[in-house]
Amino acid sequence: MNDELAWVLQAQQGSDEAFAKLVEEHQTHVYNLCYRMLGEPESAEDAAQETFLRAYQNLHRYDQNRSFATWLLSIGAHYCIDRLRRRKLLVFSMDEENDDGSSFEIADAASPDPEVESVKREDRDRLHLLLRDLDATDRAAVIMRYWYDYSEIEIAESLRLTVSAVKSRLHRSRRALAGMWQEETPHARTERRPHESPAF
Amino acid sequence: MNHQPFEDWLLNNIPITHEQKRDLDSHLRTCAYCAALVKTDKVLRTVKMASPANGFATRFQVRLAAQKAVDRRRRIAGSILFTLGGLALMGWVASPYLVTFFASPATWIAALVEFGVFLVTTFQATVQAGIVILNVLQGFLPPFAWMILLSTIAGVSLLWSVSIWRFVRVPQGV
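Chains A and B are the protein sequences, given in the same order.
Take the first sequence: its position 4, counted from the start at 1, is 4 in our numbering, and no numbers get skipped.
Take the second sequence: its position 88, counted from the start at 1, is 88 in our numbering, and no numbers get skipped.
Derived from the structure by calculation, the hints contain no laboratory data.
Some clues are possibly wrong.
[Said to hold, decoys possible] A short, non-exhaustive set of chain A residues, derived as facing chain B with CB atoms under 8 angstroms: (1) V23; (2) Y35; (3) E45; (4) F52; (5) L53; (6) W71; (7) V119; (8) D123; (9) L177; (10) A178.
This one's a predicted model, so the numbers in the text were calculated from it and none came from an experiment.
By construction, the Cβ of each residue, glycine as well, lies at the ideal position given by its N, Cα and C atoms.
Bound-form chain B, shown alone:
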């Protein structure tokens, strides 16, 4: 009998008869490779579980507390950065009006009205421009291109939403 059936028996742990067992024993005496298969299997079955050093759970509590502190600091830093960024942007946008705002009470109201008018006209202009662009593009772009464009926009929006969700998500129990 050649080597292969013995290797298959050993690798697949196939139940064997007494006669086959005799053949296997005899093969193991001459085949170092199969003997090594049996030996490594036997040793693997006797290796014990390794245990961590005492106080593992306590060390984990310390690490968890440290991680929570890091997460908390990161959230606070993120909030501060976000708020400061928003304030800076608002300040930059509003700076021309702020100068006027602090000049005199009469000009405050004028500036406020002017700003309101600016917002409304900007919005109207944007809408108009959008309508014009859409009208123009409608003639140029075939329907499948619209589908691709809208799908891309939807995909990017979804990606953006998921990214925001992942960023702000707080794991349970924290």
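Okay, chain A solo, but in the shape it has when bound:
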């Protein structure tokens, strides 16, 4: 029996100490999901706390055959999707980043090329902003795919979708992100060759 399962079993029997260890272990995963879903650190903190609270209250429902991390992320994703649907309009406050909850990395002056690092950081920030324009469930699928390396089957289980729906949502999201990226890139449009598809 691994440590995590032991903690889960102890937590199910009422050990708050064991649950605290689970929180320590998974806080970054859950917070990152909430942050990428909701876009701002304050909401992400609140959503991550709520996710753990819901997990605590529903520990007796946890199926030990499933990964605990997947179960937690599933709770977090559904909570964030509900929250996004309720609030409809996202307000991103990029300026409110702080040192503690940092997610936008500051270019390291000691790194080989600070300029390259700075461009990379800008790209990541830009993509983070573009994520907000995706549908909530599509966004959850993209986050699980890229940040957690989840397979389409795992995403389908977590979001209660079919595998083909996940595939289609991932494709749609990537197309949308590429489209938005292209639109926001100055002078990105290049000439289409005469023999290529007229669609592009």
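Based on these hints, arrange chain B on the given structure of chain A.
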């Protein structure tokens, strides 16, 4: 070669040969959309995990304790409300008898007997009325209507039981 195969390769991460890779590179130089597909994929793969501010677990413990306190208060308030409601109902039902009860010892016993008789006769009358209603309805209602009626009653009972169970259930570990 037109655009579509390149988009399919990129979206499905299909393994490609060196020759196809050359074609793709050449396509990427002319197709801004496919270039954006590659770029966004690349950026998505390099974005780091966001970490919560220090002390997340401690803040969670505080929130958990607060939530437990709220749950406890809610349970106590519910119990008090339930008890007071029950007492009020009992008082209302028993009020005519209570007056007699406190009047004199002789009348207590009479009132008690009267109340017992009242309970028994009420029960008997209810049973009789039920039997009569059932007998009457039996002729009117076809068997399928009985099935629907009984299923509805069973469904409502189940719903009621589940609601009560959900309301009184205490999450494990709390």
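Here's how the hints hold up against the structure:
1. V23: This hint holds: V23 of chain A lies near chain B, its Cβ roughly 5 angstroms from the closest one there, short of 8 angstroms.
2. Y35: holds, 4 angstroms
3. E45: Holds. Min distance 6 angstroms.
4. F52: holds, 5 angstroms
5. L53: Holds: closest Cβ of chain B sits about 6 angstroms from L53 of chain A, inside 8 angstroms.
6. W71: Result: violated, 15 angstroms to nearest chain B Cβ.
7. V119: Check failed: Cβ of V119 of chain A comes no nearer than 11 angstroms to chain B, outside 8 angstroms.
8. D123: With a closest approach of 5 angstroms, the D123 of chain A hint holds.
9. L177: Nearest chain B Cβ about 5 angstroms off; hint holds.
10. A178: Check passed: Cβ of A178 of chain A comes within 4 angstroms of chain B, closer than 8 angstroms.
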